[in-house]
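Asks: Based on these hints, arrange chain B on the given structure of chain A.
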Amino acid sequence: MFYREAGDFSTTYAQDQQTFPIKFDRYRYYAVLFVALFVIPFVVNDYWVNSLFMPFLIYAIAAIGLNILVGYCGQVSLGTGGFMAVGAYASYKLMTAFPDVSMFIHVLLAGVITAGVGVLFGLPSLRIKGFYLAVATLAAQFFLVWLFNRVPWFYNYSASGQISAPERDTFGILITGANTQAWATYTFCLIFTIFSAIVARNLTRGSVGRKWMAIRDMDIAAEIIGVNPLRAKLTAFAVSSFFIGISGALFFAIYLGAVEVGEVFGITKSFLVLFMIIIGGLGSIFGSFAGAAFLVLLPVLLKIVGVDWLGWPTDIVAHLQLVIVGALIIVFLIAEPHGLAQLWRVAKEKLRLWPFPH
Amino acid sequence: MLDQTESYTTEDGRTIGPVVMEMKNITLRFGGVEAIKDISFDIREGEIRAIIGPNGAGKSSMLNVISGFYVPQEGEVWYKGSRRPPMKPYQVAEQGIARTFQNIALFEGMSVLDNVMTGRLTHMKTGMFWQSIWKGKAEREEIENREVAERIIDFLEIQAIRKTPVARLPYGLKKRVELARALAAEPTILLLDEPMAGMNVEEKEDMSRFILDVNDEFGTTIALIEHDMGVVMDLSDRVVVMDYGKKIGDGTPAEVRNNQDVIDAYLGVAHD
Numbered sequence: 001m002f003y004r005e006a007g008d009f010s011t012t013y014a015q016d017q018q019t020f021p022i023k024f025d026r027y028r029y030y031a032v033l034f035v036a037l038f039v040i041p042f043v044v045n046d047y048w049v050n051s052l053f054m055p056f057l058i059y060a061i062a063a064i065g066l067n068i069l070v071g072y073c074g075q076v077s078l079g080t081g082g083f084m085a086v087g088a089y090a091s092y093k094l095m096t097a098f099p100d101v102s103m104f105i106h107v108l109l110a111g112v113i114t115a116g117v118g119v120l121f122g123l124p125s126l127r128i129k130g131f132y133l134a135v136a137t138l139a140a141q142f143f144l145v146w147l148f149n150r151v152p153w154f155y156n157y158s159a160s161g162q163i164s165a166p167e168r169d170t171f172g173i174l175i176t177g178a179n180t181q182a183w184a185t186y187t188f189c190l191i192f193t194i195f196s197a198i199v200a201r202n203l204t205r206g207s208v209g210r211k212w213m214a215i216r217d218m219d220i221a222a223e224i225i226g227v228n229p230l231r232a233k234l235t236a237f238a239v240s241s242f243f244i245g246i247s248g249a250l251f252f253a254i255y256l257g258a259v260e261v262g263e264v265f266g267i268t269k270s271f272l273v274l275f276m277i278i279i280g281g282l283g284s285i286f287g288s289f290a291g292a293a294f295l296v297l298l299p300v301l302l303k304i305v306g307v308d309w310l311g312w313p314t315d316i317v318a319h320l321q322l323v324i325v326g327a328l329i330i331v332f333l334i335a336e337p338h339g340l341a342q343l344w345r346v347a348k349e350k351l352r353l354w355p356f357p358h
Numbered sequence: 001m002l003d004q005t006e007s008y009t010t011e012d013g014r015t016i017g018p019v020v021m022e023m024k025n026i027t028l029r030f031g032g033v034e035a036i037k038d039i040s041f042d043i044r045e046g047e048i049r050a051i052i053g054p055n056g057a058g059k060s061s062m063l064n065v066i067s068g069f070y071v072p073q074e075g076e077v078w079y080k081g082s083r084r085p086p087m088k089p090y091q092v093a094e095q096g097i098a099r100t101f102q103n104i105a106l107f108e109g110m111s112v113l114d115n116v117m118t119g120r121l122t123h124m125k126t127g128m129f130w131q132s133i134w135k136g137k138a139e140r141e142e143i144e145n146r147e148v149a150e151r152i153i154d155f156l157e158i159q160a161i162r163k164t165p166v167a168r169l170p171y172g173l174k175k176r177v178e179l180a181r182a183l184a185a186e187p188t189i190l191l192l193d194e195p196m197a198g199m200n201v202e203e204k205e206d207m208s209r210f211i212l213d214v215n216d217e218f219g220t221t222i223a224l225i226e227h228d229m230g231v232v233m234d235l236s237d238r239v240v241v242m243d244y245g246k247k248i249g250d251g252t253p254a255e256v257r258n259n260q261d262v263i264d265a266y267l268g269v270a271h272d
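Chain order of the listed sequences is A and B.
Going left to right, the first sequence walks through residues 1 to 358 as the working numbering numbers them.
Going left to right, the second sequence walks through residues 1 to 272 as the working numbering numbers them.
I should point out that these hints are in silico values taken from the structure, not numbers from a laboratory.
Be aware that one or more of the hints could be misleading.
As the list claims (entries may be wrong) - Listed next, the in silico DSS-like pairs over lysine-lysine satisfying Cα-Cα at most 30 Å (straight line): (1) 348(A) to 135(B); (2) 348(A) to 163(B); (3) 246(B) to 129(A); (4) 246(B) to 37(B); (5) 88(B) to 348(A); (6) 23(A) to 137(B); (7) 163(B) to 350(A); (8) 23(A) to 163(B).
This is chain A alone, in the form it adopts within the complex (with noise of 0.2 Å):
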């Protein structure tokens, strides 16, 4: 009752396989965009931006990019914060050395880079598989982060061996550096989220996408009807990389404005994005907002109970944090393997007939 699809029928199979099949699904779609395009940039503040909407809406792309890779494709990557460590230093050199070349340029060229970098450390995985797989990324994590610190050429021969990000502009507004506006950034980012969520969906409902799922669900038969692994595993490789390219990138430029590699993108980076995605829902575009969401407002959430309403201290309420967020997993991992995004299909099935028992 609730949740309604009476009345929905596709006459033609470009209705049957839209996104959002059920108009209910569909208006709340458009009424999600409008607000987060033309409402909340004229209500946000420094705060809101920082704390909240910057980091989901960057995290949401580097979930997005992790996903294909390890839900829709089957591959586990540990080598997350590596990637975004390309992403952020890749788009630190262009931005420095071209000073007048739009932002939205620089991050997407930032993108493609990270995707190449990707495709290169997606090659052993052509031989090894799961657990294996994981190390190896895990050791690009780790030589990607040694590569960034040592070799002085990447942070332009700064004295403290950071990167930080000069001022510049898009269409004349101010999108990086210390004097930007938080609308300014938040509709900056919030544009390459849209962009990535609506690229992503496409690819992984079209044939891309099912050659990536026939991999992950069973290679051999993938095989036979015609998939040519090599070439749909390094594809992942290469989506996911550019939208975590993008990410680190934004990370990097707009969100943080200064970073030391290893801090940032060290290994906790890609154990936070891969903890999104397990809590969101694997193989599910959905579920990597739902998860980006949670694991960015979880902390916040418990600052505000633990630290401002029962004045527990800061580094107990900090260490409670990875407390839940580690049993979280466990629960997930054993209760609901699909995450956020399939207990919300499971309440929308629910939903149609509450409440009404049949």
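Replies: Leaving out everything else, chain B in the frame of chain A:
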């Protein structure tokens, strides 16, 4: 002996075309074990060709040679009049050879419709760029192939479950979905590895009907492995019999049934 390029008509009025695939002196070894020993046979266009034999005779290995999983140490595979170089399975699929597996190999995480649509992958060529935009080229291609997939779904009477995740289906239906996926590729040759294994009589009858219909309506050449003798003798036009990796019989069901070697292999022979 019939000419390779000639067609002929069987006693019950079926027209069998020229040879489309020929195996010449295939030998396949795993280390010291010879799984297939110097076997030659051909498959003609439009026929239903059965490969039978006791357990471990090398039937599945033969199918794996045809579909490119195994590369034989000796011998040649001729397909559509030319010698086939050693190929990867996905290249064989591109050439129009589809197959099903003995123990179902469906994509459990996907719906029935998606599984059938994966069968269309060799026909879908739109690049990644157009797919990421979706509107236009990619959507058109998707709809065209969806129409073919829906025809197959209709044909095999699985419309009602098209959006169901495959993992939820019972065994018999899974077998049918796997057949649908192979058929969706519109193959020249369809290889069926024990399509009726583990089925009850009614399911076997259904499956036999589908196999005959496929052969009849789409003109698909079918090569199948099956243990149920009744089914094999009823369905197939010609039968290859294997035992211990060797070919011991080849011919129409009636010929094979009266072949002394075949009787010995199946019923056992007294060693005195």
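Asks: Hint by hint, say whether it matches the structure.
Replies: Now the hints, each set against the structure:
{"no.": "1", "hint": "348(A) to 135(B)", "result": "28 Å, holds"}
{"no.": "2", "hint": "348(A) to 163(B)", "result": "16 Å, holds"}
{"no.": "3", "hint": "246(B) to 129(A)", "result": "37 Å, violated"}
{"no.": "4", "hint": "246(B) to 37(B)", "result": "5 Å, holds"}
{"no.": "5", "hint": "88(B) to 348(A)", "result": "44 Å, violated"}
{"no.": "6", "hint": "23(A) to 137(B)", "result": "25 Å, holds"}
{"no.": "7", "hint": "163(B) to 350(A)", "result": "18 Å, holds"}
{"no.": "8", "hint": "23(A) to 163(B)", "result": "18 Å, holds"}
In terms of the numbered hints stated before, the structure departs from hints 3, 5, listed from lowest to highest.
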